[in-house]
Amino acid sequence: MNRKRIKIAAAGGVTGGHLYPNIAVLEEFQKRYDVEVLYFCVSGKIEERLLPQVHSEFERYSLEVKGLRRPIFHPENVVRFARLITNSNKVEQKLKEFSPDFVYVTGGYVSYPVAKAAKKLVIPVFIQEQNTLPGKANVTISNFAQKIYLAFEEAISRFPEKVRDKIEVTGNPIWVREGKVDLSHPSVIVIGGSGGSEFLNKVTLEIASELPDIHFILSTGGKQLEGTVPQNVEVKNYIENMYAYWRSVDLAITRGGATTISELIYFNVPAIVVPWEGSTESHQIVNAKIIEKEGLGVMLREGEYSKEKLISTIRKLIQKGRVFQERSNPSSKIVDSISKILNF
Numbered sequence: 001m002n003r004k005r006i007k008i009a010a011a012g013g014v015t016g017g018h019l020y021p022n023i024a025v026l027e028e029f030q031k032r033y034d035v036e037v038l039y040f041c042v043s044g045k046i047e048e049r050l051l052p053q054v055h056s057e058f059e060r061y062s063l064e065v066k067g068l069r070r071p072i073f074h075p076e077n078v079v080r081f082a083r084l085i086t087n088s089n090k091v092e093q094k095l096k097e098f099s100p101d102f103v104y105v106t107g108g109y110v111s112y113p114v115a116k117a118a119k120k121l122v123i124p125v126f127i128q129e130q131n132t133l134p135g136k137a138n139v140t141i142s143n144f145a146q147k148i149y150l151a152f153e154e155a156i157s158r159f160p161e162k163v164r165d166k167i168e169v170t171g172n173p174i175w176v177r178e179g180k181v182d183l184s185h186p187s188v189i190v191i192g193g194s195g196g197s198e199f200l201n202k203v204t205l206e207i208a209s210e211l212p213d214i215h216f217i218l219s220t221g222g223k224q225l226e227g228t229v230p231q232n233v234e235v236k237n238y239i240e241n242m243y244a245y246w247r248s249v250d251l252a253i254t255r256g257g258a259t260t261i262s263e264l265i266y267f268n269v270p271a272i273v274v275p276w277e278g279s280t281e282s283h284q285i286v287n288a289k290i291i292e293k294e295g296l297g298v299m300l301r302e303g304e305y306s307k308e309k310l311i312s313t314i315r316k317l318i319q320k321g322r323v324f325q326e327r328s329n330p331s332s333k334i335v336d337s338i339s340k341i342l343n344f
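Residues in the sequence shown are numbered consecutively from 1, following my numbering.
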């Protein structure tokens, strides 16, 4: 049986938080259709490095572009804005040549020139927002997007009222790969995001010696540890295959980034979420409360920390146990929706 052939132009990168959900959706399209992909990358960023390794069949088009500095009248923005205009012309020409069925973007400053060019060429635009606090690019694009897919309902109020009828809350698409890690149990992973967390690093060393029966995996983000590392703490600078650890641990202690929260939910990982207090508009606190709402764990503010409280919470959550079962991937809902809208 011949599968329908479709062409997708996509953008979203600079960070894994924008890139990985995009890959998840594109892979779901590949399961159903013969897909040709044009991916707009930012020169030197993660998408330019990673896509050739995992999806060499994607055509890539790199742009020399940077986001605008804050405040908006910063002198560097004159050059950056001029470059954005130049790149918009290049993007428009490339989209004309490729002639996609639609454009799919996940935010970051590369998304805006791609979506804007698509609008000019009357190509349908779909956006996906991963955070409870949406990025400025996605909020702007939402005004002319055909559909807006949100990871969390908490983000709805951040979009203009006039576009809210185009919003669908799907959850965050998860880029899933195969694999597990053989660990001794119970095992607790502590991870403060890709850059690590000095606070979580310090806390782990404090509590681990008093929990000798628990195996800790501490992802430091390359930060220097201060003090003696107990024998039951396995130290890693960075973990590439987080999906394998999510499938294998009994409990996680994490920060409250949107990607982390989405992965904890998808993999059903019990968690103690310690939100980074310096996050923009305290959005990590909002994210952490989602874990409580899902019944997966608790939020612990840094100011509320005590060694006794954390040890007690760890014991309680481990005793409760976890469900080693993955939830349905939101990427399926998004592909269903786009396919229906465009009559694929």
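Treat the hints as calculated values from the structure; they're not laboratory data. Accuracy of the hints is not assured; some may be wrong.
[What the hints assert, rightly or not] The calculated DSS-like cross-link candidates involving lysine-lysine, where the alpha carbons are at most 27 Å apart (straight line), are: (1) 90 <-> 162; (2) 293 <-> 309; (3) 202 <-> 340; (4) 223 <-> 202; (5) 309 <-> 340; (6) 7 <-> 180; (7) 94 <-> 31; (8) 4 <-> 136; (9) 162 <-> 4; (10) 166 <-> 119; (11) 333 <-> 119; (12) 90 <-> 45; (13) 7 <-> 119; (14) 180 <-> 166; (15) 320 <-> 180; (16) 120 <-> 96; (17) 309 <-> 320; (18) 90 <-> 119; (19) 147 <-> 116; (20) 120 <-> 180; (21) 94 <-> 180; (22) 333 <-> 166; (23) 4 <-> 340; (24) 147 <-> 180; (25) 136 <-> 309; (26) 120 <-> 166; (27) 136 <-> 166.
[Claimed, not checked] Simulated restraints, written as ranges between beta carbons of each label pair: (28) 185 <-> 153: 44 to 50 Å; (29) 168 <-> 43: 31 to 37 Å; (30) 53 <-> 2: 25 to 31 Å; (31) 30 <-> 93: 24 to 30 Å; (32) 98 <-> 321: 22 to 28 Å; (33) 311 <-> 120: 55 to 61 Å; (34) 313 <-> 143: 30 to 36 Å.
In this text, a Cβ means the ideal position worked out from N, Cα and C, and glycines have one as well.
These are the hints, each one checked on the structure:
Restraint check for residue 90 and residue 162: the C-alpha separation of about 31 Å exceeds 27 Å, so the hint is violated. As the CA atoms of residue 293 and residue 309 are separated by approximately 21 Å, the hinted pair is consistent with the 27 Å bound. This hinted pair does not check out: residue 202 and residue 340 have alpha carbons roughly 50 Å apart, beyond 27 Å. Among the hinted pairs, residue 223 with residue 202 is consistent with the structure: their alpha-carbon atoms are about 11 Å apart, no more than 27 Å.
Distance check on the hinted pair: residue 309 and residue 340 sit about 50 Å apart at the alpha-carbon level, beyond 27 Å; violated. Taking the CA atoms of residue 7 and residue 180, the gap is about 34 Å. The hint is violated against a cut of 27 Å. This hinted pair checks out: residue 94 and residue 31 have alpha carbons roughly 26 Å apart, not beyond 27 Å. Simply put, residue 4 and residue 136 have alpha-carbon atoms about 35 Å apart, too far for the 27 Å limit, and the pair is violated.
Distance check on the hinted pair: residue 162 and residue 4 sit about 34 Å apart at the alpha-carbon level, beyond 27 Å; violated. Restraint check for residue 166 and residue 119: the C-alpha separation of about 16 Å stays at or below 27 Å, so the hint holds. For the proposed pair residue 333 and residue 119, the alpha carbon gap of about 24 Å is at most 27 Å, so the pair holds. With a C-alpha separation of about 19 Å, the suggested pair residue 90 and residue 45 falls inside the 27 Å cut-off, and the hint holds.
Pair hint residue 7 plus residue 119 holds up; C-alpha atoms about 16 Å apart against a cutoff of 27 Å. For the suggested pair residue 180 and residue 166, the alpha carbons sit about 38 Å apart, so the restraint of at most 27 Å is broken. Among the hinted pairs, residue 320 with residue 180 is consistent with the structure: their alpha-carbon atoms are about 22 Å apart, no more than 27 Å. Distance check on the hinted pair: residue 120 and residue 96 sit about 10 Å apart at the alpha-carbon level, within 27 Å; holds.
Distance check on the hinted pair: residue 309 and residue 320 sit about 17 Å apart at the alpha-carbon level, within 27 Å; holds. Restraint check: the Cα-Cα separation between residue 90 and residue 119 comes to about 15 Å, which is no more than 27 Å; the hinted pair holds. Taken as a hint, the residue 147 and residue 116 pair is honoured in the structure, with Cα atoms around 15 Å apart against an allowance of 27 Å. The suggested pairing of residue 120 with residue 180 is violated, with an alpha-carbon distance near 46 Å, which exceeds 27 Å.
For a cut-off of 27 Å, the pair hint linking residue 94 to residue 180 is broken: about 41 Å separates their Cα positions. Between residue 333 and residue 166, the direct Cα distance comes to roughly 15 Å. Compliance with the 27 Å bound is thereby established for this hinted pair. Our distance criterion of 27 Å between C-alpha atoms is met by residue 4 and residue 340, whose separation comes to about 14 Å. Taking the CA atoms of residue 147 and residue 180, the gap is about 35 Å. The hint is violated against a cut of 27 Å.
Between residue 136 and residue 309 the alpha-carbon distance is near 38 Å, which puts this suggested pair outside the 27 Å criterion. The hinted pair formed by residue 120 and residue 166 meets the criterion: a straight-line CA distance of about 20 Å does not exceed 27 Å. A hinted pair counts as satisfied when its Cα atoms are at most 27 Å apart, and residue 136 with residue 166 qualifies at roughly 17 Å. Our hint of 44 to 50 Å for residue 185 and residue 153 is violated, since their Cβ atoms are close to 35 Å apart.
The hinted range of 31 to 37 Å is satisfied by residue 168 and residue 43, whose Cβ atoms lie roughly 33 Å apart. Taking 25 to 31 Å as the suggested C-beta distance range, the pair residue 53 and residue 2 conforms, at roughly 30 Å. The hinted window of 24 to 30 Å between residue 30 and residue 93 holds, with their beta carbons roughly 26 Å apart. Take residue 98 and residue 321: their Cβ atoms lie about 50 Å apart, and the range 22 to 28 Å is violated.
For the pair residue 311 and residue 120, the supplied restraint of 55 to 61 Å holds, since their beta-carbon distance comes to about 58 Å. Taking 30 to 36 Å as the suggested C-beta distance range, the pair residue 313 and residue 143 does not conform, at roughly 44 Å.
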